[in-house]
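Trainee: Everything in the sequence shown is counted per UniProt numbering, starting at 1 for the first residue and increasing by one.
Take the hints with a grain of salt, since some may be wrong.
[Said to hold, decoys possible] The list that follows gives simulated cross-link-like pairs (lysine-lysine, DSS-like), each with its CA atoms no further than 30 Å apart: (1) Lys107 with Lys142; (2) Lys107 with Lys145; (3) Lys161 with Lys107; (4) Lys107 with Lys160; (5) Lys142 with Lys160.
[Claimed, not checked] Derived Cβ-Cβ restraints for the label pairs, each shown as a range: (6) Glu201 with Arg179: 32 to 40 Å; (7) Gln216 with Thr129: 31 to 39 Å; (8) Asn192 with Lys161: 30 to 38 Å.
Think of the hints as simulated: they come from the structure by calculation, not from any bench. C-beta: ideal position from N, C-alpha, C; glycine also.
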Amino acid sequence: MTDHENEPLPDEERPRRGADPAEDSPGTDPSTGKTTAPSAGQAARRGPSRAADDPHQDDRAPSHKVMAVGTIVVLVIALVVGFAAYAINSIQPSTRSASPVASSTWKLELPVQIGDYTRDPNAAASPSTQAGSTVISATYSKGGKDSAVILMSRPQADLKKFMSEAGMTSVTQQELSDRSGTALCGVDADHNDTGCVVLQESTAVLAMGLQDQSRQDLADLAQQIGIQAAGSK
């Protein structure tokens, strides 16, 4: 053996300890003659793929505010469609004079605060009138989190019909805590949120929970909203 053969290899030519050169680059499998894919080790050293750098690949769950806006839009659309269908079906000639629908005399306006629930006073929605009904809604927060969507609609007289037109399912009665009456509670089929409605004179007051509140809590909240709104004539 010559001295030249005993010379140490340069660092760049010396194989890494414990590493298989086949891991670092694709090659040809001698047994099959097919080109092999890069190994996991090589892929890891190349860094994350372009898809991983795409911010759209890491979509986050929608926030409660987005859910609240979606709930409001769905409810308003459902109510408008329901009222329009009712108005079309009710336009029929009759010799009998229709009984006037009792209307609330107080201003249709949602209070800024009710108990621990508050809404942004600078984001008050204006009432909208369509298909013979006037609707107003707002999102209320509790403890810094969007917690409820409150919707008022007038004139209303039949809460079962109202809940059906709002797309609520599993509707049942819920006695109010002060035993002054009952609310109707159901589940929004689109967002799986629970909501309860009470009738304040001829105005339906609907409280939709965004934080898994109980039916009892939502029924009482709807009642308190209605009483406070009616008292601010």
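Trainee: State for each hint whether it applies.
Mentor: How the hints compare with the structure:
A distance of roughly 25 Å separates the Cα atoms of Lys107 and Lys142; the hinted pair therefore holds under the 30 Å criterion. A C-alpha spacing of about 28 Å is found between Lys107 and Lys145, which places the hinted pair at or below 30 Å, so the restraint holds. A C-alpha spacing of about 24 Å is found between Lys161 and Lys107, which places the hinted pair at or below 30 Å, so the restraint holds. Among the hinted pairs, Lys107 with Lys160 is consistent with the structure: their alpha-carbon atoms are about 24 Å apart, no more than 30 Å.
Annotation: proposed proximity of Lys142 to Lys160 holds, straight-line Cα distance about 29 Å (limit 30 Å). Between Glu201 and Arg179 the C-beta distance comes to about 20 Å, which lies outside the given range of 32 to 40 Å. Look at Gln216 against Thr129: about 33 Å separates their beta carbons, and that is inside 31 to 39 Å. In this structure the hint that Asn192 and Lys161 lie 30 to 38 Å apart at CB is violated, the actual value being about 22 Å.
Violated hints, in rising order: 6, 8; the structure is consistent with all others.
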